[in-house]
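What the sequence shown shows, in my numbering, is residues 2 to 139, in sequence order.
Check before you lean on any hint, since a few could be wrong.
No more than 25 Å apart at the CA atoms, straight line, and that leaves these computed lysine to aspartate or glutamate pairs for DMTMM-like [what the hints assert, rightly or not]:
hint : residue 1 : residue 2
1    : K35       : E72
2    : K114      : E28
3    : K37       : D94
4    : K113      : D96
5    : K114      : D94
6    : K86       : E57
7    : K22       : E7
8    : K35       : E65
9    : K114      : D78
10   : K106      : D49
11   : K114      : E72
12   : K31       : D94
13   : K37       : D49
14   : K106      : D78
15   : K37       : D78
16   : K106      : E57
17   : K106      : E122
18   : K83       : E72
19   : K51       : D78
20   : K51       : E72
21   : K23       : E65
In short, the hints are calculated from the structure, not lab data.
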Amino acid sequence: MKRGFEIVLNAVLNGSTLSIKKANVDELIKIAAKNKVLLQFLRVTQLDRKLLLLEEAKYRKFLENLALTQEALNNLDHVFIKLRKPVVHVPSDIDLLIPRNLILKAVHSLMKKGFRVEVAEPYCITMTRNEAIIDLYV
2 MKRGFEIVLN AVLNGSTLSI KKANVDELIK IAAKNKVLLQ FLRVTQLDRK
52 LLLLEEAKYR KFLENLALTQ EALNNLDHVF IKLRKPVVHV PSDIDLLIPR
102 NLILKAVHSL MKKGFRVEVA EPYCITMTRN EAIIDLYV
């Protein structure tokens, strides 16, 4: 398992694909997926074209939802958090920091874009729209 992680890490960070021929491809894909670097791994290695196209589609959908979120919150103070990694990846959700006094305005603005509240806790409101998830932290 450690050897597989090293192969994935070298591919993602350095573009090295030399050791892949000797490894179990399915295991490498599982390792990349568990570590949330599958898109970058597939882009570098081109091991599974069908899976790469699926990941690229998920990434485009994420970017569309990110733009929609920015559009909804354009007039409100907010900060996207946990958005970037040193590699291209498909985040599972969109995380934002919102001042407490603007949280209700943010929720209403997102509702106008089709999001709905799933969970409301004292310091976080989770909203969804289709497969998209937004966590608003105060």
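Verification of the supplied hints:
no.: 1; hint: K35 with E72; verdict: 31 Å, violated
no.: 2; hint: K114 with E28; verdict: 39 Å, violated
no.: 3; hint: K37 with D94; verdict: 12 Å, holds
no.: 4; hint: K113 with D96; verdict: 19 Å, holds
no.: 5; hint: K114 with D94; verdict: 16 Å, holds
no.: 6; hint: K86 with E57; verdict: 16 Å, holds
no.: 7; hint: K22 with E7; verdict: 14 Å, holds
no.: 8; hint: K35 with E65; verdict: 24 Å, holds
no.: 9; hint: K114 with D78; verdict: 18 Å, holds
no.: 10; hint: K106 with D49; verdict: 43 Å, violated
no.: 11; hint: K114 with E72; verdict: 9 Å, holds
no.: 12; hint: K31 with D94; verdict: 20 Å, holds
no.: 13; hint: K37 with D49; verdict: 16 Å, holds
no.: 14; hint: K106 with D78; verdict: 11 Å, holds
no.: 15; hint: K37 with D78; verdict: 29 Å, violated
no.: 16; hint: K106 with E57; verdict: 33 Å, violated
no.: 17; hint: K106 with E122; verdict: 16 Å, holds
no.: 18; hint: K83 with E72; verdict: 19 Å, holds
no.: 19; hint: K51 with D78; verdict: 40 Å, violated
no.: 20; hint: K51 with E72; verdict: 32 Å, violated
no.: 21; hint: K23 with E65; verdict: 38 Å, violated
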